Amino acid sequence: NAGVTQTPKFRVLKTGQSMTLLCAQDMNHEYMYWYRQDPGMGLRLIHYSVGEGTTAKGEVPDGYNVSRLKKQNFLLGLESAAPSQTSVYFCASTRESTVVFGPGTRLTVL
Amino acid sequence: AQSVTQPDIHITVSEGASLELRCNYSYGATPYLFWYVQSPGQGLQLLLKYFSGDTLVQGIKGFEAEFKRSQSSFNLRKPSVHWSDAAEYFCAVGASTGGFKTIFGAGTRLFVKA
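Listed in order, the protein sequences are those of chains A and B.
Be aware that the first sequence starts at 739, since it is given in the working numbering, and climbs by one per residue.
Be aware that the second sequence starts at 33, since it is given in the working numbering, and climbs by one per residue.
Calculated directly from the structure, the hints in this document are not laboratory data.
Be aware that a few hints might be false.
As the list claims (entries may be wrong) - Just some of the chain B residues that point at chain A, by a computed CB distance under 7 Å:
#1 Gly75
#2 Leu76
#3 Lys81
#4 Tyr82
#5 Gly91
#6 Phe132
#7 Thr134
#8 Gly137
#9 Ala138
What the hints assert, rightly or not - With a straight-line Cα cutoff of 27 Å, these simulated DSS-like cross-link-like pairs (lysine-lysine) come out:
#10 A:Lys808 to A:Lys795
#11 B:Lys93 to B:Lys145
#12 A:Lys795 to B:Lys145
#13 A:Lys747 to A:Lys808
#14 A:Lys809 to B:Lys93
#15 A:Lys747 to A:Lys809
Note that the structure is predicted; figures quoted are calculated from it, not measured.
Just so it is clear, CB atoms sit at the ideal spot from N, CA and C, and this is done for glycine as well.
Assemble the whole structure, with the sequences as input and the hints as a guide.
Okay, structure coming up:
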């Protein structure tokens with residue numbers, strides 16, 4: 739089992755560009771999440787999904803969109819990147835309670 | 033709403049000394065409680081979790097945590113710290129409300145001095 743994988747690992751964008759972060763899990767987990775991690779702020783929940791075809795907003799959803807077309811995939815989109823979105827993004831999944839994290843994507847917006 | 037407070041931004045302990053990292057949570061019902069560790073440039077690894085039952089839980093790497101409902105706390109402890117324990121530690125609270133959500137504290141960075 740690969741667990742939770744994230745693509746890409748690193749990315750640099752210019753302000754206003756768009757991109758999509760891909761998360762995949764092979765554990766048949768129902769719930770999937772996107773977090774961002776910033777120094778001194780821990781992990782903050784951006785969006786999450788409780789099942790295929792469903793998404794919901796977390797603590798800091800503005801500027802992001804998500805889609806869960808397949809159970810194993812959870813996509814995070816930035817339509818018009820801003821420097822404030824420079825962060826490390828973690829995807830995670832769980833079936834019941836204990837969350838399994840991906841390795842993270844480091845995004846820099848210039 | 034769930035929330036987690038880790039009062040200490042960073043802590044320095046000597047190798048071999050004992051360690052206690054503080055965590056306070058806010059949640060209306062009995063929460064699921066977790067401690068995760070993150071080494072520099074790495075993802076998060078689960079150290080231990082509490083769902084119910086014995087309020088003292090054992091985790092990996094010699095860590096333990098005690099759930100105290102009256103104090104809304106879930107402090108992490110280790111009797112003797114090793115240099116390899118230097119990392120950032122996150123306390124988290126989970127709840128099954130409209131799907132399972134986990135909210136994290138801001139983290140405590142542990143420095144270990146020789």
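So, going through the hints one by one against the coordinates:
1. Gly75: Holds: closest Cβ of chain A sits about 5 Å from glycine 75 of chain B, inside 7 Å.
2. Leu76: holds (5 Å)
3. Lys81: Status holds, d = 6 Å.
4. Tyr82: violated (11 Å)
5. Gly91: With a minimum Cβ separation of about 12 Å from chain A (threshold 7 Å), the hint on glycine 91 of chain B is violated.
6. Phe132: holds (5 Å)
7. Thr134: holds (5 Å)
8. Gly137: Interface hint status for glycine 137 of chain B: holds (5 Å vs cutoff 7 Å).
9. Ala138: Check passed: Cβ of alanine 138 of chain B comes within 4 Å of chain A, closer than 7 Å.
10. A:Lys808 to A:Lys795: holds (18 Å)
11. B:Lys93 to B:Lys145: With Cα atoms ~18 Å apart, lysine 93 of chain B and lysine 145 of chain B stay inside 27 Å; holds.
12. A:Lys795 to B:Lys145: violated (42 Å)
13. A:Lys747 to A:Lys808: Satisfied, since the Cα-Cα distance of roughly 21 Å is no more than 27 Å.
14. A:Lys809 to B:Lys93: Answer violated: lysine 809 of chain A to lysine 93 of chain B is near 33 Å, above 27 Å.
15. A:Lys747 to A:Lys809: With a Cα-Cα distance of about 22 Å, the restraint between lysine 747 of chain A and lysine 809 of chain A holds, given a limit of 27 Å.
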